[in-house]
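J.: As a plain string of letters, each chain reads:
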Amino acid sequence: DIVLTQSPALAVSLGQRATISCRASQSVSTSSYNLMHWYQQKPGEQPKLLIYDASNLASGIPVRFSGSGSGTDFTLTINPVQADDIATYYCQQSRELPLTFGSGTKLEIK
Amino acid sequence: QVTLKESGPGMLQPSKTLSLTCSFSGFSLSTSGMVVSWIRQPSGKSLEWLAAIDWDGDKYYNPSLKSRLTVSKDTSNTQVFLKITSVDIADTATYYCARRPGSGVFDYWGQGVMVTVSS
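If you read the sequences in order, they're chains A and B.
Anchor point for the first sequence: position 83 equals 83 in the working numbering, and the numbering is continuous, going up by one each time.
Anchor point for the second sequence: position 43 equals 153 in the working numbering, and the numbering is continuous, going up by one each time.
The set of hints was computed from the structure by calculation and includes no laboratory data.
Relax, there's no trap hidden among the hints.
Only pairs whose alpha carbons sit at most 30 Å apart, straight line, appear in this in silico BS3-like list of lysine-lysine: (1) B/Lys169 with B/Lys155; (2) B/Lys115 with B/Lys183; (3) B/Lys115 with B/Lys126; (4) A/Lys48 with B/Lys176; (5) A/Lys106 with B/Lys155; (6) A/Lys48 with B/Lys193; (7) A/Lys48 with B/Lys183; (8) A/Lys42 with B/Lys155; (9) A/Lys42 with B/Lys193; (10) B/Lys155 with B/Lys183; (11) B/Lys193 with B/Lys155; (12) B/Lys115 with A/Lys42.
Cβ pair distances, simulated, as ranges: (13) B/Thr141 with A/Ser31: 21 to 31 Å; (14) B/Thr185 with A/Asp73: 43 to 53 Å; (15) A/Ile109 with B/Pro152: 18 to 28 Å; (16) A/Ser25 with B/Met121: 33 to 43 Å; (17) B/Pro152 with A/Ile86: 14 to 24 Å; (18) B/Asp184 with A/Gln16: 44 to 54 Å; (19) B/Pro119 with A/Thr30: 39 to 49 Å; (20) A/Ala83 with B/Thr185: 39 to 49 Å; (21) B/Thr226 with A/Gln82: 29 to 39 Å; (22) B/Thr131 with A/Thr77: 30 to 40 Å; (23) B/Ser174 with A/Ser32: 23 to 33 Å; (24) A/Leu97 with B/Ala200: 13 to 23 Å.
Anything over 10 Å on all C-beta distances counts as not near chain B; from chain A, calculated: (25) Leu14; (26) Gly15; (27) Gln16; (28) Ser25; (29) Lys42; (30) Val63; (31) Arg64; (32) Gly69; (33) Gly71; (34) Asp73; (35) Asp85; (36) Leu107; (37) Ile109.
Small disclaimer: the values here were computed from a predicted structure and weren't measured.
C-beta atoms are modelled at their ideal positions from N, C-alpha and C, and glycine is treated no differently.
All chains, full assembly: derive it from the sequences and hints.
T.: Right, dumping it as structure tokens:
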């Protein structure tokens, strides 16, 4: 299985930039696609798709969210962070089955 | 508008079989490339992909649980089911169904159903 590693938590000040990383145990990129995706989950709610294929913004997601990366290293950036962004963020790979998720990064306000 | 909703027993005893239903609307599972997956999340923990069924009826399972899982769909392509046999306390979780429209992403999720395994 492809293991996705995320830092457990990140504290940032409102209005600042948050950078959340995800490292895969093997490449999740093909010649055409970077098969890493990002979700936001608030307490008591289902996950919500933010970014697909590493850098594409999902429908209805604010432009302060962006994604980058290829191969094994990926980043979700939130800039500027707003109070509504307090949540846990998960990466997920679709390079191979079984589909796997990272352990999640909890975004906290400093 | 795409919606998915999970339903299940809420609580069941160890060693029993868990039966879950995902009822959805706003899309057709008969559309080429469409997939519905099951994902679970123990309280305070991360997400675990369990199983999926696609538009053609092909089924996919997480190898770690494959022997205990059965995914199926109804003939009208409006419901997907998941059975987990021989449940244990470790199967206590919120179970989600989610749509995968031909890509690897889950673009719509149900609200989840909490299942507790307890004697």
